[in-house]
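Each chain, written out:
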Amino acid sequence: MRFLIVDDSTTMRRIIINTLNKVGYQDCAEASNGREGIERLAAAGADMVITDWNMPEMSGIEFIRAIRANATTKDLPVLMVTTNAAKDDIVEALRAGINSYVVKPFTPETIKEKIEAMLAR
Amino acid sequence: MSQITKEMLSILIASTQEVFETMVFRPLGSQTPIEGEALRPRSNVVGTVAFAGEHCGVVAFYSTTETARTIAGAMLGIPAAQVNGEMPDAIGEITNMIAGTFRTRMAAHGCPWAISVPTVTIGSDFYTKYVSDVRRILCPFTMSEGEEVFVELILTKN
Numbered sequence: 000m001r002f003l004i005v006d007d008s009t010t011m012r013r014i015i016i017n018t019l020n021k022v023g024y025q026d027c028a029e030a031s032n033g034r035e036g037i038e039r040l041a042a043a044g045a046d047m048v049i050t051d052w053n054m055p056e057m058s059g060i061e062f063i064r065a066i067r068a069n070a071t072t073k074d075l076p077v078l079m080v081t082t083n084a085a086k087d088d089i090v091e092a093l094r095a096g097i098n099s100y101v102v103k104p105f106t107p108e109t110i111k112e113k114i115e116a117m118l119a120r
Numbered sequence: 000m001s002q003i004t005k006e007m008l009s010i011l012i013a014s015t016q017e018v019f020e021t022m023v024f025r026p027l028g029s030q031t032p033i034e035g036e037a038l039r040p041r042s043n044v045v046g047t048v049a050f051a052g053e054h055c056g057v058v059a060f061y062s063t064t065e066t067a068r069t070i071a072g073a074m075l076g077i078p079a080a081q082v083n084g085e086m087p088d089a090i091g092e093i094t095n096m097i098a099g100t101f102r103t104r105m106a107a108h109g110c111p112w113a114i115s116v117p118t119v120t121i122g123s124d125f126y127t128k129y130v131s132d133v134r135r136i137l138c139p140f141t142m143s144e145g146e147e148v149f150v151e152l153i154l155t156k157n
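Here the protein sequences line up with chains A and B, keeping their order.
Heads up, the first sequence is in numbering that gives the first Met the number 0, so the first residue is 0 and it goes up one at a time.
Heads up, the second sequence is in numbering that gives the first Met the number 0, so the first residue is 0 and it goes up one at a time.
So that you can see chain A by itself, here it is in the shape it has in the complex (with noise of 0.2 Å):
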């Protein structure tokens, strides 16, 4: 099970793939932002995606769209963790086409259901 990891901060790609390698999960990329976790998935694909929202060049919610917009990626799983938790910001986020939400702060058990519940669909 391949991850990409797309986050600006270098300290939330480490505490995310941390998180993954605690709850069994080892095979980690990294972008550090929206274009760059495109191109990381042309490059070398990923099975479930872990997005920011708030990032330079492309931000999360553009991440997304452009990732539904291609028929290579559409259907691929994404989970979005963010500190955006207003009703507006989830709703903005679903519509967008994420999979699941996790709030920053997040325990490696939350993660881990997240990521059940998805694989699970």
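Accuracy of the hints is not assured; some may be wrong.
Said to hold, decoys possible - In silico contact screen, one side only, chain B against chain A (beta carbon under 7 Å); selected entries:
1. Thr21
2. Leu75
3. Glu92
4. Met96
5. Ala106
Unchecked claim - Beyond 12 Å from chain B on every Cβ pair, some chain A residues (computed):
6. Ala28
7. Glu35
8. Ala65
9. Asn69
10. Thr71
11. Ala95
12. Gly96
13. Val102
14. Lys103
15. Lys111
16. Leu118
17. Arg120
It should be emphasised that the hints constitute simulated quantities derived from the structure, not laboratory data.
As the structure is a prediction and not an experimental result, all values here were calculated from the model.
Glycine included, each C-beta is placed from N, C-alpha and C at the ideal position.
Please build the complex by placing chain B on the supplied structure of chain A, with the hints as guidance.
What follows is chain B alone, placed relative to chain A:
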């Protein structure tokens, strides 16, 4: 005129404690908040996130450089001695999560805000001055090893 209410403060304190417990794996003990500018923390690292909406202001995080390294190391899962360039980004993320959690909980109380990206200042012998007429309340916290960190809520009197 915007007031810093007891409810606002308790939400900020709870948000800070939750972020530390979940992402830094260190519980924070809360001390009595201090109003005004009389006491300024002697800090070398300051993270700030501004917000605007029903209220306008800033959430600021203060610590010493040494404590900031300890926090960054705990977040990244590496010893504090190995932390170098990662520290500003880690403190930016901590400040972002504190302000983001605070924002979400305030929105549930009918106060919708937008927040900025975090800014981190590192140095010595500097003082943060806000141009607008503001109210400031400083919340001191103690980490498990005795290190102090501070979170300040600054609200414009609009």
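Quick rundown of the hints versus the structure:
1. Against a cut-off of 7 Å between C-beta atoms, the interface hint on Thr21 (chain B) holds, since the closest Cβ of chain A lies about 4 Å away.
2. Taken as an interface hint, Leu75 (chain B) checks out: its beta carbon lies about 5 Å from the nearest beta carbon of chain A, inside 7 Å.
3. Annotation: Glu92 (chain B) was flagged as interfacial toward chain A, and the flag holds, the nearest CB pair being 5 Å apart, inside 7 Å.
4. With a least beta-carbon distance of about 5 Å to chain A, the hint placing Met96 (chain B) at the interface is held under the 7 Å criterion.
5. For the restraint placing Ala106 (chain B) at the interface with chain A, the shortest Cβ-Cβ distance is roughly 5 Å, inside the 7 Å limit, so the hint holds.
6. At the 12 Å boundary, the C-beta of Ala28 (chain A) stays outside the reach of chain B, the nearest C-beta of that chain being 18 Å off.
7. Taking the minimum C-beta to C-beta distance to chain B, about 17 Å, the non-interface status of Glu35 (chain A) holds against the 12 Å cut.
8. No Cβ of chain B comes within 12 Å of the Cβ of Ala65 (chain A); the nearest lies about 22 Å off, and the non-interface call holds.
9. With a least CB separation of 28 Å from chain B, Asn69 (chain A) remains clear of the 12 Å interface cut-off, as annotated.
10. Every beta carbon of chain B lies more than 12 Å from that of Thr71 (chain A), the smallest distance being close to 31 Å; the non-interface claim holds.
11. The non-interface label for Ala95 (chain A) is consistent with chain B: the shortest C-beta to C-beta separation is roughly 18 Å, beyond 12 Å.
12. No beta-carbon of chain B comes within 12 Å of the beta-carbon of Gly96 (chain A); the shortest separation is about 22 Å.
13. Once the 12 Å rule is applied to beta carbons, Val102 (chain A) is inconsistent with being away from chain B; the minimum gap is 7 Å.
14. Non-interface status of Lys103 (chain A) relative to chain B is broken: a Cβ of that chain comes within 12 Å, the nearest being about 5 Å off.
15. No beta-carbon of chain B comes within 12 Å of the beta-carbon of Lys111 (chain A); the shortest separation is about 14 Å.
16. Once the 12 Å rule is applied to beta carbons, Leu118 (chain A) is consistent with being away from chain B; the minimum gap is 24 Å.
17. At roughly 26 Å from the closest C-beta of chain B, the C-beta of Arg120 (chain A) stays outside 12 Å, upholding its exclusion from the interface.
Of the hints listed earlier, those the structure fails to meet are numbers 13 and 14, in rising order.
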